[in-house]
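These protein sequence lines are chains R and L, in that order. In this text, residue positions in the first sequence follow our numbering: the first is -3, and each later residue adds one. In this text, residue positions in the second sequence follow our numbering: the first is 10, and each later residue adds one.
Heads up, some of the hints might be wrong.
Selected chain R positions facing chain L (in silico; Cβ < 10 Å) [what the hints assert, rightly or not]:
(1) L48
(2) E58
(3) L128
(4) F131
By construction, these hints were calculated from the structure, which means they are not laboratory data. Here the structure is a predicted model, which means the values were calculated and not measured. Where a beta carbon is used, it is the ideal one built from N, C-alpha and C, also for glycine.
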Amino acid sequence: MAELAEKKTRPQFRNIAVPQILSYRLPPAGVVSILHRISGALLFLFGIPFFLYLFQQSITSEISFESYRAVVGSVLGRLVMLVLIWAYVHHFLAGIRYLLLDRHVGIDKAGSRTSAHVVLGASLVLTALVALKLFGAF
Amino acid sequence: MTTSRIVVGAHYGLRDWLAQRISAVVLVVYTLLLLGTVVLLPELNYGTWAGLFASVWMKVATLLAVLALVYHAWVGVRDIFMDYIKPTGVRLFLQVATVVALVGYACWAVIILWRV
């Protein structure tokens, strides 16, 4: 009976509410997973139309190329690009991690934890490098 | 299993799961190809950039990547709707809107490539 009472008091996280989501401590693999979803949604909603528009302006004529350069040259345009580039890089690297996991590469606990950290770190580092390039550091 | 099939569900099998992974690999290859060819350009200006997409092989590769992207986005967005949107009517509406948007994007990409 003591065991039963103990089981009843265990916290249950079915249909968790928003305040619970915010205080829910996800393991790194879980962070990669939800960011994979969020970055995918961002790329669908904003990334495809934004980059198709930029592609159109950059390639149609020399005149439209100048309007492409104006968008890419503006601070707002660069910030939007940076967010979308982070989304692409994260989605790209996390996707490769999932393809490897499908091939049973790195499915042990320690390996999956390490690769999750690598994905999170590398996507931020690569985005930071693009940011430096965009804002003319090199 | 037949009775549990719903019109706004998944396609009940390996096909979409596999298509998601194959289209992902196509996109990885195209991304590296595009980065590589742009880096190898002697200078990045309108002439060299448009010249890159003037070749037939680059047009075909880009179109393949766009088709892979559209299928990939469809499966991914549908998965999100299946997880969070429960009323069948709302989910169907969102799925139809997604298909319309994605097919529209594919058409737009063809028109852009056609001009170069």
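Each hint tested on the structure:
1. At a threshold of 10 Å, the smallest CB-CB gap from L48 of chain R to chain L is about 6 Å, leaving the interface hint in force.
2. Of the supplied interface hints, the one on E58 of chain R holds, with its beta-carbon coming within about 5 Å of a beta-carbon of chain L, less than 10 Å.
3. The closest approach between the C-beta of L128 of chain R and any C-beta of chain L is roughly 17 Å, which is over the 10 Å cut-off, so the hint fails.
4. Interface restraint check for F131 of chain R: the shortest CB-CB distance to chain L comes to about 17 Å, outside 10 Å, so the restraint is violated.
In terms of the numbered hints stated before, the structure departs from hints 3, 4, listed from lowest to highest.
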